[in-house]
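Q: Since chain A is already given, all that's left is putting chain B on it; use the hints.
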Amino acid sequence: MIPQSFEYFSPATISEAITLLHEHGDGAKILSGGQSLIPMMKIRLARPEFIIDINRLADLQYVKEEGGFLKIGGLTREADLEASNLIRSKYPIILDTAALIADPQVRNLATVGGNLAHGDPANDHPATMLALGAEIIATGRSGERTIPVSGFFLSVFTTALEHGEILTEIRIPIPPSGSGGAYFKLERKVGDFATVGVAAQVTLDGTGVCQRAGIGLTNVGATPIKATRAEAFLTGKTMDQQQINQAARLAAEEAQPSSDLRGPAEYKVSMVRELTKRALVRACERAVS
Amino acid sequence: MATKKHIRVKVNGRDREAEVEPRLLLVHFIREVLTLTGTHVGCDTTNCGACTVLLDGRPVKSCTVFAVQADGREIRTIEGVANNGKLHPLQEGFKEEHGLQCGFCTPGMIMSACALLEKNPHPSEQEIRWGISGNLCRCTGYQNIVKAVQYAANQMALSEK
Chain A
1 MIPQSFEYFS
11 PATISEAITL
21 LHEHGDGAKI
31 LSGGQSLIPM
41 MKIRLARPEF
51 IIDINRLADL
61 QYVKEEGGFL
71 KIGGLTREAD
81 LEASNLIRSK
91 YPIILDTAAL
101 IADPQVRNLA
111 TVGGNLAHGD
121 PANDHPATML
131 ALGAEIIATG
141 RSGERTIPVS
151 GFFLSVFTTA
161 LEHGEILTEI
171 RIPIPPSGSG
181 GAYFKLERKV
191 GDFATVGVAA
201 QVTLDGTGVC
211 QRAGIGLTNV
221 GATPIKATRA
231 EAFLTGKTMD
241 QQQINQAARL
251 AAEEAQPSSD
261 LRGPAEYKVS
271 MVRELTKRAL
281 VRACERAVS
Chain B
1 MATKKHIRVK
11 VNGRDREAEV
21 EPRLLLVHFI
31 REVLTLTGTH
41 VGCDTTNCGA
51 CTVLLDGRPV
61 KSCTVFAVQA
71 DGREIRTIEG
81 VANNGKLHPL
91 QEGFKEEHGL
101 QCGFCTPGMI
111 MSACALLEKN
121 PHPSEQEIRW
131 GISGNLCRCT
141 GYQNIVKAVQ
151 YAANQMALSE
161 K
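Chains as they are written, first to last, in my numbering: chain A, 1 to 289; chain B, 1 to 161.
Chain A on its own, in the form it takes in the complex (with noise of 0.2 Å):
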């Protein structure tokens, strides 16, 4: 399968990345991993006349804790979070979600702005970003922009980036003492995307009360859905099993799945709740570790 012919740049900055694309318009896509945009190309789903690849800007690949945050270069692979003793030993949660996603070959390209950015529900990213509350950076010609990743999402395959911009970096608010996450994937083999994904971030004071809780549904509606009402229900509850079922059930209606062949929506929704609970429970396991 043959991509459609374009136009190759390979800018050397972000501004001349950015340059590019306000010269080239709507014809012109931001090529990063190239692991959903590739195969999107190579079956003509995607048609871009004018490519930019960003995969010389070194200086977009980064994991590092600074102000306050957890900051992430657009630019940095799957693999890399993978390896980083940051994200090994502080971001569990973060370290479940990178390993799931697609296989080894794929996460040695694959990019964490990219798998945002694509804004397909079906990403892996996406729910653990909704739980950890992170923020997003889109970088255009006047500089710099902060988006919640909870409006990040406008639908399948648009969101809040508008032309012009590149997505440079995502910030995760550092999460207090008392914190854990988890992110847990029902999949039909390695490699495959969800059939449902939930990602569960709590914090909780010392007697076991949940100061703040973050949850994130992947592949269940039309964007990455933020279950807020289960969110709502637990905070400044005590964590126990009784709250996480209802939270559970929550969340669950929460989803918005349709049948396909991974399986009817009924299912899944049954799969929301029930990895919904197990999501908060290593959750809490690891906010108290």
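Because the hints were derived from the structure by calculation, they are not lab data.
Careful, some of the hints might be misleading.
As the list claims (entries may be wrong) - Straight-line Cα separation of at most 25 Å, DSS-like style, residue types lysine-lysine; simulated pairs:
#, chain 1, residue 1, chain 2, residue 2
1, B, K147, B, K10
2, A, K64, B, K119
3, B, K86, B, K4
4, B, K5, A, K29
5, A, K90, A, K64
6, B, K147, B, K95
7, B, K10, B, K95
8, A, K42, B, K4
9, B, K119, B, K95
10, B, K86, B, K119
11, A, K42, B, K5
12, B, K147, B, K161
13, A, K90, A, K71
14, A, K29, B, K119
15, B, K86, B, K147
16, A, K90, B, K119
17, B, K161, B, K119
18, A, K42, A, K189
19, B, K161, B, K86
20, A, K189, B, K161
21, B, K147, B, K119
A: For chain B alone, kept in the frame of chain A given last:
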């Protein structure tokens, strides 16, 4: 027709250059321009891993990378695995342990396993299975492929001593 790009790559230690159309996939560059046909096109949809090559030492699916993206970088294919006609321990392992039936997935399997053993010379069975999880084999059930990788890991450990 889009503007062609001049690329220089090092393939199996040898400098190569060519004018390529930007849409040319790396796997087609390897097979058709360089005539290195050991790298296979399997599914052509980023699933099967038959087209796996090492790009700067990391396994990637060459059906999902443009040749132009490899400009200035190093590529290793199955043809670059043997050393002066002597089989690589992985190639020996696939032969000794009957790690293939039809053999179509084998080049990709070996490239993934190659990167795995470079990073982790003594992998557990679970780590081997995880390391080749982006490579599909429709014949063997993976049992002997895992044994072949274990064989290679053992041989490589012995030759280090």
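Q: Each hint: holds or not?
A: Results for each hint:
1. B:K147 x B:K10: violated (32 Å)
2. A:K64 x B:K119: holds (24 Å)
3. B:K86 x B:K4: violated (38 Å)
4. B:K5 x A:K29: holds (18 Å)
5. A:K90 x A:K64: holds (11 Å)
6. B:K147 x B:K95: holds (11 Å)
7. B:K10 x B:K95: violated (28 Å)
8. A:K42 x B:K4: holds (19 Å)
9. B:K119 x B:K95: holds (23 Å)
10. B:K86 x B:K119: holds (22 Å)
11. A:K42 x B:K5: holds (20 Å)
12. B:K147 x B:K161: holds (21 Å)
13. A:K90 x A:K71: Holds: K90 of chain A and K71 of chain A sit about 13 Å apart, inside 25 Å.
14. A:K29 x B:K119: It is violated: about 34 Å lies between the C-alpha atoms, which goes past 25 Å.
15. B:K86 x B:K147: Given that 25 Å is the threshold and the Cα spacing comes to 20 Å, the pair holds.
16. A:K90 x B:K119: Answer holds: K90 of chain A to K119 of chain B is near 23 Å, not above 25 Å.
17. B:K161 x B:K119: Since the Cα atoms of K161 of chain B and K119 of chain B sit roughly 18 Å apart, the hinted pair holds (cutoff 25 Å).
18. A:K42 x A:K189: holds (23 Å)
19. B:K161 x B:K86: Distance ~19 Å between K161 of chain B and K86 of chain B Cα, so the pair holds.
20. A:K189 x B:K161: Cα-Cα ~39 Å, so violated.
21. B:K147 x B:K119: Given that 25 Å is the threshold and the Cα spacing comes to 18 Å, the pair holds.
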